[in-house]
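The whole structure should be built from the sequences, with the hints applied where relevant.
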Amino acid sequence: MNSIGVDIGGTFTDLVGYRDGELVISKTLTTPHNPTEGVATALKLAGTQLEELDEFLHGSTIAINTVLERKGDQTALLTTAGFRDVYEIARGNRPDAFDISFQRPEPLVPRHLRFEVSERLNAKGEVLTAIDEEAVRALGRQLKDAGIAAIAVCFLHSYANPMHEVAAGRILRETYPGLFVTLSHEILREFREYERTSTTVLNAYVGPRVARYLKTLESHLGDNGFDGAIHIMRSNGGSMSLTHASVEPVSMMESGPVAGMIGAGAVARILGIQQAIGFDMGGTTAKATLITDGVPGIEEGYYIGGYSTGQPMQLPVVAIVEVGTGGGSIAWRDGAGGMHVGPHSASSDPGPVCYGRGGTEPTITDANVILGRLNPNRFLGGGMPLDLEGARRAMAGKIGEPTGLTTDEAALGVVRIADSAMALAVRAVSVRKGVDPRDAAMIAFGGAGPVHAVALCKEIYIPTLVIPKLPGNFSALGMLLAPWRHDSVRTLVGVLGKLDGVRVRAGFDELLSAAHKQLAADELDPQRALFELGVDLRYRGQEHTIPVPLPSAEALINADQVVTDTFHALHDMRYGHAAVGETIEVASLRLTVTVPRGGESVEQFLAQPFVPEDPRPEQRRPVVYDNSEQPLEARILWRPSLPPGFEVEGPAVIEESNSTTVLFPGDVARVTEHGHLVISIHLAQGEAQ
Amino acid sequence: MNAITPAGMSAMKTRVNPVTQEVVTNSLIAYADEMALALCKSAYNMMIYEVRDFCCGLIDTDGRMICQNTGGLPIFLADLGIAVKDGIDRYGLDGFAPGDVIIMNHGGVCGQHLNNVVVYTPCFHQGKVVAFAANRAHWVDVGGLRTGFGNSQTYEIYHEGLQMRSIKLFEAGKRNEGVWQMITDNIRFPESSLGDLRAQTAACHIGERRLSELLSRFSVQTVNDCIASSWDQAEAEARAIVAGIPDGRYTAESWLDSDGRQLDVPIRVKVTVEVKGTDLTIDYSEMNPQVNSPLNSGFSGGLSAARVAFKCLTMPKAPVNEGCFRGLKLISPEGTIVNARWGAALGQWSVALPTVIDTILRALAPALPGFVPAAHKGDMGGCSFYGVREDTGARYVLMNIYGGGWGGRKDRDGASCSVSICQGDVRNTPVELQEIHYPVLIECVKLREDSGGAGEHRGGLGLEMRYRSLGKSTININLERTFEPPWGVEGGQAGRSNRSLIQRADGSEREVKKESNIPLGAGDCVTFWTAGGGGYGDPTKRERAQVERDLLDGYVTAEGAARDYGFDVPGTGLGSRLRGNDGQGDLVIPAPTSVTPAPTSVIPAQAGTQAPAKERQA
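From first to last, the protein sequence lines are chains A and B. Counting with the working numbering, you get residues 2 to 690 for the letters of the first sequence. Counting with the working numbering, you get residues 1307 to 1924 for the letters of the second sequence.
No lab work stands behind these hints, which were simulated from the structure alone. Please note: incorrect hints may appear among the correct ones.
[Claimed, not checked] Derived lysine-lysine pairs resembling DSS-like cross-links, with alpha carbons at most 30 Å apart:
| hint | chain 1 | residue 1 | chain 2 | residue 2 |
| --- | --- | --- | --- | --- |
| 1 | B | Lys1635 | B | Lys1576 |
| 2 | A | Lys518 | A | Lys125 |
| 3 | B | Lys1778 | A | Lys125 |
| 4 | A | Lys72 | B | Lys1716 |
| 5 | B | Lys1391 | B | Lys1635 |
| 6 | A | Lys72 | A | Lys28 |
| 7 | A | Lys518 | A | Lys216 |
| 8 | B | Lys1347 | B | Lys1480 |
| 9 | B | Lys1347 | A | Lys499 |
| 10 | B | Lys1635 | B | Lys1623 |
| 11 | A | Lys28 | A | Lys45 |
| 12 | B | Lys1576 | B | Lys1347 |
| 13 | A | Lys499 | B | Lys1391 |
| 14 | A | Lys125 | B | Lys1347 |
| 15 | A | Lys399 | B | Lys1623 |
| 16 | B | Lys1623 | B | Lys1391 |
| 17 | B | Lys1716 | B | Lys1623 |
| 18 | A | Lys216 | A | Lys28 |
[Unchecked claim] What the simulated footprint calls covered on chain B by chain A, stretch by stretch (three residues with Cβ under 8 Å from a Cβ of chain A suffice, anywhere in the stretch; the number is not a length):
| hint | stretch |
| --- | --- |
| 19 | 1346-1357 |
| 20 | 1858-1869 |
Note that CB positions come from ideal geometry on N, CA and C, so glycine has one too.
Okay, structure coming up:
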């Protein structure tokens, strides 16, 4: 099967393809006015013909940018009578606790477009007040007259019984064909009305714009001879059909960043790493994810635009912790003399000072050039010479002189502060989840990731670091690994051991039949699909739950010991205590369906023997490590020419086209048979100072 | 140097490597956050997991705060250290062993309601205690006369439940079974609270572990230097802000409704703020004497309020540490509602504090033109229903904390339906969650139209929320600031005040302000309207386009627009007609003239199976 993955980022459009067992790669500038233009260029650069492709995978930031830039179409909201303001009242909290000028999340639907209808269910899903269908019909006509493009429908307790939402959806679509309708139970069957409403609104709000975008993409590809399948990356790390993405675009919020973590998962599987921390550092941010047994962790939602004023999105998303520290992050001083790095970034325009494109603020990349860690003559494979002197001047002027530090000290300080911030992100996805970093390995990628990864490992006591093949193109590559995936959840409250078997079976049947419907719609063979059941458990009286995998529905109904044991163990691992013997409560049922990718794949590329290029002469240059006054003479190696089994001990720098790996003294890197670098980190004993 | 006592270092002024400092201080805050996350996620009661009524941190061996979790409750600023200090004084630093877990809620020391239970553990390094990992969390019940929020009947601390003063619940890892039994037998929801206790203890252990990791990388000396230096920086930053406030004495006075037992005597909140150079002194000398009801806090309550106000003024975005408050002096004589003598009831300890903070800011408003917003809702905004479920026989208590309007500001309208200045990242309880767990049906949760004080920048709106009890239940109601609603500033008007109404299934109804243990039967309804924020600036200066938007969105009704803003709805002459008759005109209000549909076009006004409560002018 010939597949191609295209990631449209803020700066670059990345393409990685797998054609007749060969990998093709290209990179071109993103064309924001018409993103498909950039895609066309990338295809051309890769020398690919659309006719020969069976599958086109795509990740995009269009959904999340539509929210962040508030570029969605006019959207309405329909709620249970008495509750249209829940969406604006939200949870009433003020995360910026001492700020008397705090701001609240700004609703995407203004109050005059929020409507109520007489209908009511109780928490068991029983009808207390029947829905006023005539009123819904009248609303449909009104929306049509006013030219409103989309509507979100969220009724109280619809997770328990969706019949009123179904009726409202049917009537709205009848009276106003073409209206983009999102019913809350169709995308999220969990209680908590505010978060469910927000998720539903997000879908409706981005819906028309994303659907148009996807349609343009589809017709562009079709016009140019493509007749394969188009799959879209979703935030949960899987992919979905273009048709599905067009009705559930909220699932593609993190469509861009997840792919690299999927790739890291594959590398972890190939190398047999049980606990890995995926670490991705690009131009503006760094991201970390915990990968267990080759599977990136998934969390139930997050806040788009940040916790304080963002919009909650409660669908599963790969648990990525992001910090505003990337190669372009700017170093600065506050009024009291404190030194900081980021989150403001020089991005690609003007870029770091050393790019020589007008940047004046010293960045992390500048610091790395000053310290000798980046080679000014081999950046982007030598395609972009860097201005070392400019970087030094800016670092001295903005940071060094005002703080009384030498330029090298200042540069080292900038790198250390960045490392410290990134270490906290890595800590957040590891130790905070009960994972001891000393038992884990880091898998680092992104252009800047391998530059900083060794220092991070030292800081957090991670003994093993992996730099996979093609770390600078790793995100696009990961896309070709994403299985088709469908997650669903259904609230079901009860006590473990006293569950009504009929209800549980009915609950799972419902989830399964919805999944089968989706498989059929996407023309996938259910025989190839993997169905994983799960349940959210907690001790009675607790609120937050822990998802626990289930061997079968019967195991849950019978409260098999494997279920209780797993729950106690997970609870102890996460929170440091367990309460064996206490009553365990069930909160919801889960189903995850995946369809693995068939045929040859990038996973094979990652696992196949590595054939090195012809050797290149080794170089040497001074590199600053821990002491800015005593740079060490480091070996400089060209990675593509290093054969499997090759070993090097730091101080050393291993360079390749789109990335650079920095080894500290005592660290030993070895090239695996597949061409990945595995580095044994020399961990300091005792005082780190 | 064998303990983490950073302030002891301040005289030395060691120059700390700025990079090491950033690493150490970031790490400490991350540890406190990690403790908070574990506590929140594994807690057993809504006040912790949903409402987030807790704080976590590391405390030095002198009882000072090394770090505290971010985003917690502002009012927990003077908290943990006082509790831990009591244990240090009792046992001595040599009297702790690894595996000790100490529990503490003593009213005389902590000065808060007894539900706020502190749990802490000693952190050892090379065989010595170097610090303590501590947290405070709101237990759902501690026995005594009070269940849930808002009970005003107690008048001495002994009515209010079990007190535990610096008791070692675990000694060197071994549980003190006698104490455990005594707790189990004296509180209403032992399963819940002992679960919380487990979560609290585990959170402390996380703090211990992290600190020990930090000390394996940096010496105690280095960590102390980093903390001392971060405190110095915070102090310098705060003092620089204070220096910008003109020297002088500033006074303001506000009024609380009553102590809850004697309903016709208002309570005076009077503060004087003196600014002199870089020192700011808050003086509570003229505060109302302590009362014979639970509306008292100990010293730490008044201190917390002063600290919250000071932090809002000086460096609202920076992390909290002791250095932030070195520029603040407090005069708080014993015997007032914010420093009650030992023995006073403390059940409603926090109720006065939002008004105390508002009043401190009010005093400084003339010195800081444009900085201080109009008053916010000024109460803690909570309700609780409790009883025994008729279907299962289980005892229950429902607790919900919700917001109200905040005051208009110099440059924008006040926020709507937000929790008080004391509460920060406290969240309301979802309707669906309440209905799943408790025998109530919630009939509406909506913005309270016209409740924001009129002004050039309007006050934020309060909310309206109606509960229908599905069986026998009991409720406490404790409204505040109804006599002196949230005030406006610079010519802005006051916001609408708090209000509640009980409507019985038999059709009778009555307004309630403060009352404890009100029985409810099936079908009885309770409606709460929370206060709106005060307005900022003269309402006539409000931009016409903004009034139009308010009308379109229904934040302001046509009557309100006419009455408060002299606004004529186009083509009707409505404003001029209404101004004459105080909004009581019997007029048909046309929909706003706009291309978009009117807000309530699908169903008119309120829903519900019962006739909606009619709002009257308070």
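A quick look at each hint next to the structure:
1. Pair hint lysine 1635 (chain B) plus lysine 1576 (chain B) holds up; C-alpha atoms about 17 Å apart against a cutoff of 30 Å.
2. Straight-line distance between C-alpha atoms of lysine 518 (chain A) and lysine 125 (chain A) comes to about 26 Å, which keeps the hinted pair within the 30 Å bound.
3. For the suggested pair lysine 1778 (chain B) and lysine 125 (chain A), the alpha carbons sit about 20 Å apart, so the restraint of at most 30 Å is met.
4. Taking the CA atoms of lysine 72 (chain A) and lysine 1716 (chain B), the gap is near 29 Å; set against the 30 Å cutoff, the hint holds.
5. As the CA atoms of lysine 1391 (chain B) and lysine 1635 (chain B) are separated by approximately 20 Å, the hinted pair is consistent with the 30 Å bound.
6. Taking the CA atoms of lysine 72 (chain A) and lysine 28 (chain A), the gap is about 27 Å. The hint holds against a cut of 30 Å.
7. With a C-alpha separation of about 23 Å, the suggested pairing of lysine 518 (chain A) with lysine 216 (chain A) holds against the 30 Å cut-off.
8. As the CA atoms of lysine 1347 (chain B) and lysine 1480 (chain B) are separated by approximately 26 Å, the hinted pair is consistent with the 30 Å bound.
9. Between lysine 1347 (chain B) and lysine 499 (chain A), the direct Cα distance comes to roughly 24 Å. Compliance with the 30 Å bound is thereby established for this hinted pair.
10. Pair hint lysine 1635 (chain B) plus lysine 1623 (chain B) holds up; C-alpha atoms about 21 Å apart against a cutoff of 30 Å.
11. Among the hinted pairs, lysine 28 (chain A) with lysine 45 (chain A) is consistent with the structure: their alpha-carbon atoms are about 11 Å apart, no more than 30 Å.
12. For the proposed pair lysine 1576 (chain B) and lysine 1347 (chain B), the alpha carbon gap of about 40 Å is over 30 Å, so the pair is violated.
13. Annotation: proposed proximity of lysine 499 (chain A) to lysine 1391 (chain B) is violated, straight-line Cα distance about 47 Å (limit 30 Å).
14. Simply put, lysine 125 (chain A) and lysine 1347 (chain B) have alpha-carbon atoms about 26 Å apart, close enough for the 30 Å limit, and the pair holds.
15. Restraint check for lysine 399 (chain A) and lysine 1623 (chain B): the C-alpha separation of about 24 Å stays at or below 30 Å, so the hint holds.
16. For the hint linking lysine 1623 (chain B) to lysine 1391 (chain B), the alpha-carbon distance of about 28 Å falls within 30 Å, and the restraint holds.
17. For the hint pairing lysine 1716 (chain B) with lysine 1623 (chain B), the CA-to-CA distance comes to about 19 Å; that is within 30 Å, so the pair holds.
18. Between lysine 216 (chain A) and lysine 28 (chain A) the CA atoms are separated by roughly 24 Å; this keeps the pair inside 30 Å, and the hint holds.
19. With a threshold of 8 Å between beta carbons, the proposed coverage of the stretch 1346-1357 of chain B by chain A holds, since 9 of its residues qualify and at least three are required.
20. Counting residues of the stretch 1858-1869 of chain B whose CB lies closer than 8 Å to any CB of chain A gives 4, so the stated coverage by that chain holds, three being the minimum.
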